[in-house]
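**Student:** Below are the chains, spelled out letter by letter.
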Amino acid sequence: MNISRRLLVSACALALSGFVPGFAMAAGTIAIITPSHDNPFFKAEADGAAAKAKALGYETMVLVHNDDANKQNELFDSAIAAGVKAIILDNAGADASVAAVKKAKDKGIPSFLIDREITASGVAVSQIVSNNYQGAQLGGEEFVKLMGEKGNYAELVGKESDTNAGIRSQGYHDVIDQYSSMKMVARQTANWSQTEAYTVMESILQAHPDIKGVISGNDTMAMGAYAALEAAGRKDVIVVGFDGSNDVRDSILKGGIKATVLQPAYQQAQLAVEQADKFIKTGATGVEEKQLMDCILVNKDNASKLETFALKP
Amino acid sequence: MKPILFATGLVVVFSLSGCKLVKTESATEAAADPIATLVSKTFEAKLVPALSEKAIDVAVLRSAVTAGLDDAGSKYGLRVGGAGGGWNFAVKGKGKVVVENRDTKAAVAEVDVDGDGKSDVILQLGPVVKGTALRDVTPLYDFSTFRDQIEYARLGRALNDRAVSTVPADGSMKGKTVQFLGATVIRSAGEKPLVTPVSIETAP
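Taken in order, these protein sequences are the chains called C and D.
Numbered per numbering that gives the first Met the number 0, the first sequence finishes at 312, counting up by one with no gaps.
Numbered per numbering that gives the first Met the number 0, the second sequence finishes at 203, counting up by one with no gaps.
The hints are simulated quantities; they were obtained by calculation from the structure and are not laboratory data.
Treat the hints with care, as some may be off.
Said to hold, decoys possible - Among the chain D residues that face chain C by a calculated CB cut under 7 angstroms, a handful are:
1. 138
2. 142
3. 148
Stated by the list, open to error - Derived list of chain D stretches under chain C, where covered just means 3 residues or more per stretch with a C-beta under 8 angstroms from a C-beta of chain C:
4. 117-129
5. 151-159
Predicted model only: the values in this text are computed from it and were never measured.
Note that CB positions come from ideal geometry on N, CA and C, so glycine has one too.
Based on the sequences and whatever the hints tell you, model everything.
**Tutor:** Here it is as structure tokens:
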């Protein structure tokens with residue numbers, strides 16, 4: 000309660016500070032709600048959205064829900080109370096988020112989803128979804144190629160409550176399982192966490208010292224796994240991640256982790272704000288609600304072009 | 000245990016959302032996999048005719064793409080997937096099979112269409128088929144009408160599986176002249192088209 004009140008106060012303060020000095024020019028406030036910025040992927044999203052919103056003359060209200068649907072619900076209340084013009088959201092659960100988005104819609108506030116989809120259509124105005132399945136297939140294909148189509152491997156899975164953990168795992172397996180000489184000897188969750196992945200990797204290595212590769216549901220877990228492998232003198236193990244973070248880019252360039260899959264987070268967030276702007280001004284975005292954005296494979300050939308979740312031309 | 004649970008989950012998911020995909024269905028069909036139903040209802044009846052109508056010759060595609068991918072795309076193709084996505088084209092062609100490689104699960108035939116003895120286009124023969132060009136090449140299958148990207152991805156896979164279920168037998172193509180129709184996605188101008196064929200006819 001305390002937290003939500005404080006948020007409400009700060010939300011009002013934000014709205015006010017946007018309102019008073021910029022009375023003549025401010026086009027209103029856009030709320031940007033994402034998971035915690037501890038993961039640089041979500042920070043890139045929020046930064047991308049905020050930069051575009053400012054460029055288009057909006058104030059911003061940047062909030063984080065830490066993948067907690069209840070907290071997300073409170074943030075929506077704050078945003079609605081602050082009278083924002085639109086909400087840019089990377090949601091906290093495909094089913095759990097539908098109600099919050101609908102609540103905003105009923106108050107006349109449109110939501111524009113990025114990264115992850117929700118399980119209802121017609122509630123959000125746009126859902127610009129990272130094609131995680133396609134990306135995972137790219138990662139899976141590269142992993143199989145690096146492994147020479149055979150050998151023992153482990154899989155690190157993300158947080159089970161996150162739809163993308165399942166989607167990526169399925170994308171990996173739909174490719175890898177077609178190669179009968181690829182044998183998965185361990186499959187464990189490390190909850191998207193670097194430190195957890197380190198510990199999990201240590202125990203997997205003890206149980207399966209003959210392991211030849213690790214495919215990971217995201218980059219932070221890939222970083223943790225690679226650190227554990229490095230500490231155990233097993234830099235020969237092939238590691239493939241997902242997200243396209245600068246940390247993994249640097250590791251690829253140093254010959255550590257072998258590949259990752261870039262989700263164009265920054266660009267996607269900017270596109271969502273552009274659509275929000277168009278919707279605010281004209282009442283329509285001119286595009287379909289659900290839009291899939293493809294991911295791009297990053298390996299040593301193009302890693303040097305990667306910067307903050309975008310590939311330089 | 001996990002895969003079984005997962006499979007059960009998928010069945011539940013698809014049976015729940017089945018009404019979105021197929022509006023008029025009998026009780027028997029409702030119990031069937033809606034993706035399979037969608038594929039069987041649309042593949043021959045709509046997708047193949049749409050491909051035949053839209054398809055451009057590989058040689059035309061190549062010169063158009065060399066002149067400018069985006070221009071070629073807006074003239075002949077369809078784009079999905081934002082920056083990472085490419086242009087999807089319906090393509091057809093006729094030429095001699097110079098390579099038939101079935102050693103990998105992602106089997107391919109490479110075809111020379113301009114008679115210089117070199118491969119110009121790669122036909123995917125499966126069972127592993129890459130990409131979702133068949134799903135994305137026409138506006139027939141709209142992502143907004145699917146529950147989520149897993150369901151949409153399953154459609155892509157099912158269309159691919161259906162497409163390569165009728166490819167000519169192993170070893171029957173090398174050196175032969177073939178006529179094909181299919182779909183491809185092009186992401187950069189220098190790329191050799193990787194085609195998912197809906198038909199490959201071998202000349203005697």
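**Student:** Does each hint hold? Answer for all of them.
**Tutor:** Status of the hints after comparison with the structure:
1. 138: Violated. Min distance 10 angstroms.
2. 142: Hint on residue 142(D): holds, closest Cβ of chain C at ~5 angstroms, below 7 angstroms.
3. 148: 5 angstroms, holds
4. 117-129: holds (count 3)
5. 151-159: Answer holds; 3 residues pass the 8 angstroms Cβ test.
Comparing the model with each numbered hint stated earlier shows that hint 1 is the single one that does not hold.
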